[in-house]
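Residue numbers (the working numbering), protein chains in the order written: chain A, 1 to 334; chain B, 1 to 230.
Everything labelled a hint here was simulated from the structure, so no lab data went into it.
Take the hints with a grain of salt, since some may be wrong.
Incomplete in silico selection of chain A near chain B, CB under 7 angstroms [unchecked claim]:
1. S50
2. R78
3. R79
4. L83
5. V89
6. Y101
7. I105
8. G107
Short derived list, chain A residues pointing at chain B, Cβ under 8 angstroms [unchecked claim]:
9. L52
10. P88
11. F91
12. G102
Residues from chain B that keep clear of chain A, each with C-beta distances beyond 10 angstroms, as calculated [said to hold, decoys possible]:
13. M68
14. S85
15. W95
16. S98
17. A161
18. M191
19. L211
Think of the CB as a built atom: it goes at the ideal place given N, C-alpha and C, for glycine as much as any other residue.
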Amino acid sequence: MSLFELRDVRMAFDGRVVLDLPRLEIGQGLAYSLQGPNGAGKSTLLGILSFLNAPHQGDVFFLGEPVVWKESFLRPLRRQVALVEQHPVMFSRSVRENVGYGLAIRGVPRAERDKKVDEALELVGLAHLAEVYAPRLSGGETQRVAIARALANSPKVLLLDEPTASVDTQNRVVIEQVVAELRDRGETTIVLCTHNRSQAWALCPHVIFLEDGKLVHRSRANSYAGIMSVADGQGVCRIAENFRVPVNGCEPGRVRISIDPEGVRLLRADAPGLNSGPLAKIRLEGDTVALSVNLGRPLDVQMPLADFRATGLAVGDLVRAEIRPEAVDCHPGN
Amino acid sequence: MFFLDSLGAAFQLLLGFDRELLHIVGVSLNVSLWSTLAACVIGVPTGFLIGIASFRGKQAVITFFNTMLALPTVVIGLLVYSLLSRRGVLGHLGWLYSQKAMIVGQIILITPIIVAFTIAAVGRIDDRYRRTALTLGASSWQVALVVLREARFSIMAAIVAAFGRVISEIGISMMLGGNARGFTRTMTTAMALEYDKGEFVLALGLGIVLLAISLVVNVLLGYVQGRTQR
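Please take these sequences and the hints and turn them into a complete structure.
Encoded structure:
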């Protein structure tokens, strides 16, 4: 049985449709990345999944039961779902009281509450800050405590809205480890909203990709249909006239390939040629930079900020993409 | 020179714990504390409910309380006088020219201050507190408590401001209390009387006490805030 099932869900503001989902299912114990450009409807969807906002149209089912958007009905549902916002707020109390808030309002006895709070703080590596006044924490620590506060209540679903968008590398690594551990345990359904595609792929086997409020079936970015051939012992997939990708271990014929954006190196090119094209987009995503090169088809590339600075590239520059065969997955017969 | 002489004599009065001065301070504190307490009981829940709820005409209600902030003390004095005078609706209570009458007038004066400032305090609380409490499973009542807790220092500041307003007002105390020595003479009415008589010593002494009370209240508020945000 699906954990969530959304049927014909629509949200519109001022006549503009921001979410239009004929059908979306979210399975129990699975990890999903929620991706899409800004304004694609990701936060709106999280609002519905956290039972904070009712859809303007359509039906939502939770564990097979239709959701009735009335306060008395929603509270037991909200207690099974935890939302960690991109910029979470701490109640003006200690970290311990913040993390234990959900347990306290559920009437969990003090001793048991303290034990669960300690476990949750241990998980995010902040047990030593239990007695600190929570609003004094740094941004990264606040994000981690917010995750601990959500997890202390043992939710069935953890909704994370860009948890690493505004934290430093150290905090990002810890948050990613926590998400990976939860995913591996398989007890909590995770919906991770992120712009960082490499993070999404590393942490979540399933993808919900939204574009203009609509679900787009895209298992990975940089997914292309092409034709495999072998030249000089090296398999090559032809995507477009000047876009050819070295591929290992794939039979000649029609294939679908996907390229890891982190497995591509960009070099400045002097003249147009194979796998060369103008740099169309540059976007900062935390401490990484997402770029898009027009090779007849857009190729997304991701690199650390420091590496990007070293390249000295700017939008419009002619670049050549060096694609390692190891960064390419091949799916025959598509 | 004259001022310094008066100031010196005022300090002598204070250090000598002058009975009349202490009595006047006692009346002022008694009236102000009771009126502030009653205004809190009425004003904080009213302001909180208006601030947190969504209803038709909310803006009109807020505008009403903001307008009430400018209500002159003499108007309140006249209104309460007309109610409590022998021919008034509440004349049978016999409260006119008593501390009770002063307290009633001062409640009318400062309740709008507490209501308006509480509405503003609640309105300033980031909506994420409400959403966070909801997603953690809080009921509407528990969400309201979270918002109240986050707004507590602003509400306390509103109460302090209201206390400062009553302890320093003169119109209501004079019109409804009558400045009767030993009964309804407050610091402000005593200062006005002493000024009329050309006697500055007691007036200055009371002025110093008034400022000291204000200082103590604000230091206490700062201390409580500091303790909480340890």
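*May I ask which of the numbered hints given earlier this structure violates, with the numbers listed in increasing order?*
8
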